[in-house]
Amino acid sequence: MKKWQDNKGWLFILPVFIIVAFSAIIPLMTVVNYSIQDIFGPGQRIFVGTEWYKEVLTDQRLHDALWRQLLFSGLVLLIEMPLGIAIALTMPTKKGLGSSVCLVLIALPLLIPWNVIGTIWIIFTRPDIGLMGALINDMGWSFDHTASGLHAWITLMLMEVWHWTPLVILLAYAGLRSIPEAYYQAARIDGASAWAIFRYIQLPKMRGVLTIALLLRFMDSFLIYAEPFVLTGGGPGNATTFLSIYLVKIAVGQFDLGPAGAFSLIYFLIVLLFCYLFYQVLLNVGKGESS
Amino acid sequence: MKKRYIILAAYLVLIMLPIYWMLNMSLRTNADIMARLVFIPTDITFGNYMKIFTDASWYSGYINSIIYVVLNTVICLVTALPAAYAFSRYSFIGDKHVFFWLLTNRMAPAAVFLLPFFQLYSTFNLIDTHIAVALAHCLFNLPLTVWILEGFISGVPREIDETAFIDGYKFPRFFFFVFIPLIRSGIGVAAFFCFMFSWVELLFARTLTTTAAKPIAAIMTRTVSASGLDWGLLAAAGILTIVPGALVIWFVRNYLAKGFALGRV
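For the record, the sequence lines run as chains A and B. Following our numbering, the numbering of the first sequence begins with 20 at its first residue and continues without gaps. Following our numbering, the numbering of the second sequence begins with -5 at its first residue and continues without gaps.
There could be a bad hint or two in this list.
Said to hold, decoys possible - Below, computed lysine-lysine pairings styled on DSS-like, alpha-carbon distance capped at 30 Å:
1) A:K27 to B:K90
2) A:K113 to B:K(-3)
3) A:K113 to B:K90
4) A:K114 to B:K(-3)
5) A:K224 to B:K90
6) B:K(-4) to A:K224
7) A:K224 to B:K(-3)
8) A:K22 to B:K90
Stated by the list, open to error - Chain B is nowhere near these chain A residues, computed Cβ spacing over 10 Å in every case:
9) K22
10) Q79
11) W86
12) G159
13) W172
14) A211
15) A215
Note that these hints are calculated values from the structure, not bench results. Just so it is clear, CB atoms sit at the ideal spot from N, CA and C, and this is done for glycine as well.
Start from the sequences, fold in the hints, and give me the full structure.
Written out as structure tokens, the structure reads:
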């Protein structure tokens, strides 16, 4: 759509600009300040240049947290994307009560406060009162996410898949619904198999929404905080200390403003990079998707 | 054809199971919960819910949450509507850059902004007020609202605006009496997503409040860390946080994908 060339557009976006600038630019500059100074107290600070950056970049625990984070995000994508597509394919295709009820039930986990998600899974997996925990323990395996790092990971992955697969399903389903019936009729005339329909009609048509889902899931899982915080608090040991949890530990727990600031900026830059990719995809969704 | 519905049904059951288990817990006393594991509770009690509705330290958490969530939704809608209109209709210097910059804030790690926010709001004496949390949530909700509304507004042909102006409508009259009714479903969807993302957020809400504006989410985490905790009460509190979302989700069911994908799709 052609737009009017008019700089008075700035007037319209001014309120949004001011509010977001207040809550984004000022805090970000504060973080920059932290990251290049050593702060002892009010008025007592010395400029230390890139020292905090050096310290952070060589911090072994940060490296561990980063690898843990990448492994977590990778596993999440590996499970959620195929599962989401598969479930979306089983949804009723016709608009009606059935598909509406399915949509609402599937989306329910997305609307639950993030710390309540953690609570739900604590209650569900505890060996003494949880359905899943008790069942597994009855089968002879001792399962306790507070004692074993592996069990904490399994619980976290289950929780994450339970919580966010609905997002992939919703997006994939929206993509599927946009395919005209004529495509399927043509495929039926050609005698195409179900796999061929999926591979040559549905998958290409879902490319745009699936890329959105992929990037959204990557970024949100990369920023995960509340769920592991409630479930394990980053433990046992450091087994589930992801980047956000580690950052809050440094910043609020130990009050090391310098390293926390440097860490924050590096973290933000990584996210920004993926954000840019995401932006490019969003702008091109719906254009040139016919291939 | 039959087989796929079995898979779907199995998935739905698995999704509902943890929620059902919490509902189950919330209807039993703590002693009953610790004593035995039953799938269908027999001695149903509403005591846990009664306690939440009568104890001020519990129900004030819900009131606080609702106040800042509503504040946030109102701020977002009022400021985002003209902005979304501008992004959709006008091209101006730096429009694409600002649009992208907004998106980066939706994706910003909340943990990064935690300490600066605390300092900033302390300077303005806003700590432990509802408006502080509402403003902090604007960081990610305003970009989301702008993006969603922009998607809906771009679905309205520009000829409608042009015709209205030719018919002699002044801009404010056109905007409030012609345009807003046209995109009211979009406004509803944006409001829903604002409400939701503000409702589910914990980190800012917990850090920026101490007592007077403490959200229910924070009250719950405090109970978790206490030693002798009451599982039934915790479960009841959890169930009550799901209710608002579950009540309104039906109305936006066809726009869920659009909202989660920031107005695209």
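Sort out which numbered hints this structure fails and list those numbers smallest first.
The structure conflicts with hints 3, 9, although it agrees with all the remaining ones.
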